[in-house]
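Trainee: Reassemble the complex: the two chains are provided individually, in unrelated frames, and hints are given to aid placement.
Protein chains in written order, with this note's numbering: chain U, -1 to 98; chain V, 51 to 216.
Think of the hints as simulated: they come from the structure by calculation, not from any bench. Among the hints, a few may not be true.
Claimed, not checked - Covered stretches of chain V, as calculated for chain U (at least 3 residues, CB under 8 Å): (1) 53 to 67; (2) 74 to 87; (3) 104 to 115.
No residue lacks a Cβ here, since even glycine has one placed at the ideal position from N, Cα and C.
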Amino acid sequence: MITLNHYLVLAAILFVVGVTGVLTRRNLIVVMMSIELMLNAVNLTFIAFARYFNDMTGHVFVFMVMAVAAAEAAVGLAVILALFRNRETVDADEVRVMKG
Amino acid sequence: METMLFYLFAGVAVILSLAMIAAKKPVTSAVCLVGVMFALAALFALLHAHLIAALQILVYAGAIMVLFMFVIMLLNLREKEGLAARHQIVAQAAGVALLGALLIPFMTLATLEKGPLSAIAPERFGTTAAVGELLYTEYLLPFEIASALLLAALVGAVALVKIRMR
Chain U
-1 MITLNHYLVL
9 AAILFVVGVT
19 GVLTRRNLIV
29 VMMSIELMLN
39 AVNLTFIAFA
49 RYFNDMTGHV
59 FVFMVMAVAA
69 AEAAVGLAVI
79 LALFRNRETV
89 DADEVRVMKG
Chain V
51 METMLFYLFA
61 GVAVILSLAM
71 IAAKKPVTSA
81 VCLVGVMFAL
91 AALFALLHAH
101 LIAALQILVY
111 AGAIMVLFMF
121 VIMLLNLREK
131 EGLAARHQIV
141 AQAAGVALLG
151 ALLIPFMTLA
161 TLEKGPLSAI
171 APERFGTTAA
181 VGELLYTEYL
191 LPFEIASALL
201 LAALVGAVAL
211 VKIRMR
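Pulled out of the complex, with its shape left as it was, chain V reads as follows (with noise of 0.2 Å):
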């Protein structure tokens, strides 16, 4: 069951994802990536992240993804654009290659005793209160600095879009 749920979520993240960066409208690539912001948040429920599953769904394909879209229907662009700039596809083709070649020794790497997840979970993993608990007592410190960088990029988002109103 575990099984086919992981291989259902997963093919639907890449399919999406592969959508996304194939899509020729900015607006199709926003609702693909809302999808694969969905699929992963599946896969998190899978790996009992109960709290950071719920948080992607509202984060991501609730907040962030809303923003994507104001920006791209305020600004209501022509279309005019392939999917790869032509002289330079030689170039980012073997960056991508390069990088990929790279990634597979890391998993090579990783294979800690092939890692079979524990198929029990310990009680209370991943639930709000745990987390929570974690975050007001030995991440204290960086949660505070997490708020203050949001209300950093909050006044910083509103003074670059407001400097050019006269």
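Okay, chain U solo, but in the shape it has when bound (with noise of 0.2 Å):
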């Protein structure tokens, strides 16, 4: 029998593999992707808190969640292509002008 905390416990399982990819990759597309995989972990909880609860306002969440989502990897993929045209680089590590 699948309980609501099968679900919960991927969804942290999945969150921290994403964190640990933001910390861990210095090329900046990778971090972004593991962004996604963090966002994707939030709307797992949510939808089966929303199953659990038999209410459908997480479906909604959810929803608003994709939309910042896309409208996040579209400016930072945006930014990333701004920074390799000035830098030649995506390396997280050379991108240190604010570090004097």
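Mentor: Rendered as structure tokens:
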């Protein structure tokens, strides 16, 4: 029998994997993909709770998260493109303008 | 049957997400992430969220990941990445472990009557008609704000990339 907790544990695992990606990878594109993974993990908790309470508000929330994720991906990738044009790199360690 | 499907897709999602952050090439990461999206869409369908499952494939696997692929191909990077920044590896491991430890109490906290999901979903639960009705009545304002946000992101992305072209 699959309970709510199964889904919550799975979502937590996926979220931590996403955080690990953000913290350990230096390629900015992979970092952004890890952020998408974290958003997806949160979506899974929303849907699981919506099913648990039989309340579709969670579905509306996931809809909004998807819209925000699409906007974030478009703007973020545009920033990465602009960065690559200026600096010829997408390595997070080599972008240190504000470090002095 | 449901148990089997859950463990199948959960395993696929976890393994592919680990492969995503471990892969050397960004293209491999992107393909793994598409696999994770599909597994999650299957889990959404298991939870009777049919509209969201379809949107997951259309929007995430279809649109967002294609955008990532385009940028990866456009940049055509030379590979020079190891998995972790060596000098910070202790701080990184500590951060991840701390976050994991923080999440465990939350999960035990959420033991709402051990949460068996009710066997039968209500009629119309998660269908396009039902979610759409909710979106266009109770949540009309957030829906409109989301459309404004998407328009702003579209204009912003074009402006950001175009500004350097002479």
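Trainee: Take the segment 104 to 115 of chain V, compare each residue's beta carbon with every beta carbon of chain U, and decide whether three or more fall closer than 8 Å.
Mentor: holds (count 6)
Trainee: Quick check: do three or more residues in the segment 74 to 87 of chain V have a beta carbon closer than 8 Å to a beta carbon of chain U?
Mentor: That given contact holds, which follows from 6 residues of the segment 74 to 87 of chain V lying within Cβ reach (below 8 Å) of chain U.
Trainee: Quick one: see if chain U covers the segment 53 to 67 of chain V, three-plus residues with Cβ-Cβ under 8 Å.
Mentor: holds (count 6)
Hint violations for this structure: none, all hints satisfied.
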